[in-house]
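Let chain A serve as the given structure and place chain B on it in line with the hints.
Top line first, the protein sequences correspond to chains A and B.
Per the working numbering, the first sequence starts with residue 95, numbered consecutively.
Per the working numbering, the second sequence starts with residue 95, numbered consecutively.
Read the hints as simulated data drawn from the structure, not as lab findings.
Possibly wrong hints are sitting among the right ones.
Heads up, the list lumps identical chains together, so a pair's fine if it works in one copy or across two of them.
Below, a list of computed lysine to any residue pairs in the SDA-like style, where the Cα atoms sit at most 25 Å apart [to be verified]:
hint : residue 1 : residue 2
1    : K496      : N222
2    : K129      : D285
3    : K176      : E446
4    : K380      : E446
5    : K175      : V455
6    : K496      : E473
7    : K329      : E501
8    : K378      : S188
9    : K496      : P331
10   : K175      : V312
11   : K472      : G346
12   : K496      : L298
13   : K384      : E143
14   : K325      : R502
15   : K496      : T471
16   : K496      : G484
17   : K403      : K496
18   : K157      : Q483
19   : K124      : R200
20   : K496      : E485
21   : K176      : P438
22   : K124      : T471
23   : K175      : V273
24   : K444      : Q483
25   : K329      : R466
26   : K124      : E491
27   : K472      : E491
28   : K129      : G423
Protein chains: 2
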Amino acid sequence: MLIGNAVIGQSGGPTAAINATLSGVVLGCKEIGVKTIYGACNGIEGLLEERMCDLGALLKDEKQHRILEQTPAAALGSCRKKMPTPDKDPDTYSRLLEIFKKYDIRYFFYIGGNDSMDTVYKLSSYMNGAGYEMRVMGVPKTIDCDLAETDHTPGYGSAAKYIATTMQEILRDTAVYTVKAVTIVEIMGRDAGWLTAAASLPSLYSDVTPDLVYLPEVYFNYDKFYEDLAKAFEKHPNVVVAVSEGIRTEDGRYVGEGTQSGVADVFGHKYLSGTGKTLELAVKEKFGCKVRSIELNLPQRCAGHLQSKTDIDESVEIGKAAAIHAASGETGKMACFVRESTNPYKCVIKTEDISKIANEVRSVPRNFINERGNNVTKECLEYIAPLIQGENLNIYENGLPKHFVIER
Amino acid sequence: MLIGNAVIGQSGGPTAAINATLSGVVLGCKEIGVKTIYGACNGIEGLLEERMCDLGALLKDEKQHRILEQTPAAALGSCRKKMPTPDKDPDTYSRLLEIFKKYDIRYFFYIGGNDSMDTVYKLSSYMNGAGYEMRVMGVPKTIDCDLAETDHTPGYGSAAKYIATTMQEILRDTAVYTVKAVTIVEIMGRDAGWLTAAASLPSLYSDVTPDLVYLPEVYFNYDKFYEDLAKAFEKHPNVVVAVSEGIRTEDGRYVGEGTQSGVADVFGHKYLSGTGKTLELAVKEKFGCKVRSIELNLPQRCAGHLQSKTDIDESVEIGKAAAIHAASGETGKMACFVRESTNPYKCVIKTEDISKIANEVRSVPRNFINERGNNVTKECLEYIAPLIQGENLNIYENGLPKHFVIER
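Chain A with its partners taken away, still in its complex shape (with noise of 0.2 Å):
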């Protein structure tokens, strides 16, 4: 094995699981037998100006690791700096191999999504011709399940597991009236509608479930939305949308771009409306009844308190698989997940090459989605539905979940 210290670091948006993957990562880099363990913080910025900390250190026995996996966001910091290639900044290159020489460092671990890969890429092939021996991976980490090459990314089981609960939760509460009204809930999810998706799961095994689910890889038509809403109607009063923040138009422009209500806000400005909003704005107009719209925002990617056991699990599993697979030589890869079986489920862990996943983006096929476009079908959902078993049941404190926390 190569010898040397290892730096892991985590960058992009926060999720539920991204510690538990640096946990596991961790675990893999002492079973490997890396001497110091470096945290980077804020990532590969941080990195550049050697803000560092020692997670061996700090992770000293099993209870500290169990809280840092229940605890969510990253613990490290996150950034959200695009490499440029090396040929247009050398000197970050240069910089950066420098510092790996000054600690000695011979592990890069990249813990995060699209982007992040992108920055794997790069710095794996850099340093293929760089003269120094090393070995970068990547880590996958998102809730929007949509890097390529995985069955799917640690933080969406969690996310979905969230989504699904707080859902049904919603669909409860807006059936207690009688009233005559729509209530929109909008979710995350620019290009790929897996998390949206999840909000369907409810109805695989109770009697509730939204009426309408909406998906960014079907393009969004008002009219037959409100030809949707209508049918829903005949059937109870409490109608229920679930929706991705990016539907489309079939002319390409995001629905919560659209300002067609022209709504002004007290300061003159037209309300720049999210995807929820626009759609409020647009049933009350044209049905005039009750609407609500609700957006689930940040918690759905950093609900640590609510986390699905199947995906922390998991989460820690593919941190120590990169280790490992580091130390058997692999550089320039990214740890995958294959899915063998979904019932009974069953997951093994292997590696790819960074290239084929860098800058790809893995969307809901088609055959996931109804005909008409306004729901998921049944094989979606029981794709899906492994991803959220189990309950990680968080450690509390004073009644509140107990977090890690590293100074940086």
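Okay, now just chain B, sitting in the frame of chain A:
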């Protein structure tokens, strides 16, 4: 004891604990020997249509009670019917009397908030002079915690636990980047700031806390707000603000009013939901930095998956107590909590005349808010803290909390 049957109704906005109280009233009715325990579907509205179910038959064992207690929102359905006075609408009252006689109903329990206690007040007054012996009891329910004569209300503790936990998670999430940004979290509460106060609970125990907290009890001033923000930026780049939906400027106007249609409900309450959005736009204009507003919305009142054990236990107990007090001959009363001590926490249950409670509002006292009016005091948080203690761990099935369903 007065021999006969009982009917229980739920009214007003849902909470995560209103079904725990329903469970408690049923347990109490069984204890005092009520024969048939009816549930009124959709409160007084459904009762007038004789839409009832047999709760005693539906709740046969402890597990069923347990699942009902973890189910959010009113399992019987709710209503927002404004009861007229008997002289204005004698028909409604004589119709109710007729139904009570028909079903031999001698006990009427109404679980609700302010407006529901107004119904209890009017109905109990009417029944006193109707020549039909009957007990009419109110059982409190509201996440707002603003009912008079009770130390706090069932449902508040769970909502406060949800708000504090979610705020702690949002604080973790927003702290990951180094870019200057403001996050505004809008919390329910038209007239009382109890819910928003709970957003500061993490400051009692952890390293994170919202920087600024604005309650409706103090007039909101934009210039002071901008000064507060500038000061907060001196400490860190990520500033988090918690704000009640009901904050008003000194001229009496709601901050959120500008973006609202001004629709009022049957009680004359204005619908508010644009407070966070209004402030988001204001801060963006003033500081030019990244600003995000998050409306916690319905989940704060229906997050059954994150109930406070203290709240659920008390919610069951106050339901039971209402039945027992009714059996001992009381009528026209509401069961109330009386706090005997905060440390160690101890509350007992007594009853109060409904006339003292109906249409009154209990605000956050001024000494629970700091002088500047931009946060709550430690004394306030220590008062709230006992109410969020303990977790009422849900029973899950297929990865989702199990809910109790009453066909209606």
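Can you list which hints this structure breaks, lowest number first? 1, 2, 4, 8, 10, 11, 21, 22 and 26
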